[in-house]
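When you line the sequence shown up against my numbering, it's residues 1 to 151, in that order.
A few of these clues could be false.
List time: in silico SDA-like cross-link candidates among lysine to any residue, alpha-carbon distance up to 25 Å [said to hold, decoys possible]:
(1) K22 x V111
(2) K79 x T118
(3) K79 x V56
(4) K135 x R35
(5) K113 x R125
(6) K100 x P120
(7) K79 x P31
(8) K135 x Y48
(9) K79 x R133
(10) K22 x Y132
(11) K135 x A53
(12) K22 x Q97
(13) K135 x P117
(14) K135 x A51
Each pair of labels, with its calculated beta carbon distance range [to be verified]:
(15) Y37 x P66: 13 to 23 Å
(16) F129 x S101: 27 to 37 Å
(17) S114 x C26: 14 to 24 Å
Everything labelled a hint here was simulated from the structure, so no lab data went into it.
Just so it is clear, CB atoms sit at the ideal spot from N, CA and C, and this is done for glycine as well.
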Amino acid sequence: MVMEARQVTLIEDSETDAAIIKRIICENSQPDSYRLYWCETMFQAREYLFASADLVDVILLDLHLPDTLDGHDSFLQVKSFAPDIPVVVLTSCNNQQLVKSLLDMGADDIVSKSLIPTNPDLLCRAIDFSLYRNKRIRLKNYIGVSEAHVR
Numbered sequence: 001m002v003m004e005a006r007q008v009t010l011i012e013d014s015e016t017d018a019a020i021i022k023r024i025i026c027e028n029s030q031p032d033s034y035r036l037y038w039c040e041t042m043f044q045a046r047e048y049l050f051a052s053a054d055l056v057d058v059i060l061l062d063l064h065l066p067d068t069l070d071g072h073d074s075f076l077q078v079k080s081f082a083p084d085i086p087v088v089v090l091t092s093c094n095n096q097q098l099v100k101s102l103l104d105m106g107a108d109d110i111v112s113k114s115l116i117p118t119n120p121d122l123l124c125r126a127i128d129f130s131l132y133r134n135k136r137i138r139l140k141n142y143i144g145v146s147e148a149h150v151r
């Protein structure tokens, strides 16, 4: 059975971090199992996602972008124009309040950037698990709607 490549949108302002993430995804997955599109700013991400949201499976989001106020703003902006796409937050800060807050707001996972180079499959697992959880939620919602129509 041939599995379609997961379409990943990376929103990351650091070219170095983007290159590391791309390399790690390519080296730690089956060939052609991920396709990565990189956006450097929230503006660029908004434009891309408005045009291509139906093609995107998951978003990797750096919290600190030059055109957002803070981590909360970055997350809220992404969810405002891509509400149904799972978001895995990438962060270099260790603020547990922020992490809990983002999870409460609907982040699918939080991955510390500092852990990615030493534990590279962590990122691919976060992507895959967020996709799996999102698929289960959509299926559960679909079944609930279908059952409501039958009654």
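Against the structure, the hints:
no.: 1; hint: K22 x V111; in the structure: holds (15 Å)
no.: 2; hint: K79 x T118; in the structure: violated (30 Å)
no.: 3; hint: K79 x V56; in the structure: holds (13 Å)
no.: 4; hint: K135 x R35; in the structure: holds (19 Å)
no.: 5; hint: K113 x R125; in the structure: holds (14 Å)
no.: 6; hint: K100 x P120; in the structure: holds (23 Å)
no.: 7; hint: K79 x P31; in the structure: violated (30 Å)
no.: 8; hint: K135 x Y48; in the structure: holds (23 Å)
no.: 9; hint: K79 x R133; in the structure: holds (17 Å)
no.: 10; hint: K22 x Y132; in the structure: holds (21 Å)
no.: 11; hint: K135 x A53; in the structure: holds (16 Å)
no.: 12; hint: K22 x Q97; in the structure: violated (28 Å)
no.: 13; hint: K135 x P117; in the structure: violated (28 Å)
no.: 14; hint: K135 x A51; in the structure: holds (22 Å)
no.: 15; hint: Y37 x P66: 13 to 23 Å; in the structure: holds (19 Å)
no.: 16; hint: F129 x S101: 27 to 37 Å; in the structure: violated (20 Å)
no.: 17; hint: S114 x C26: 14 to 24 Å; in the structure: holds (20 Å)
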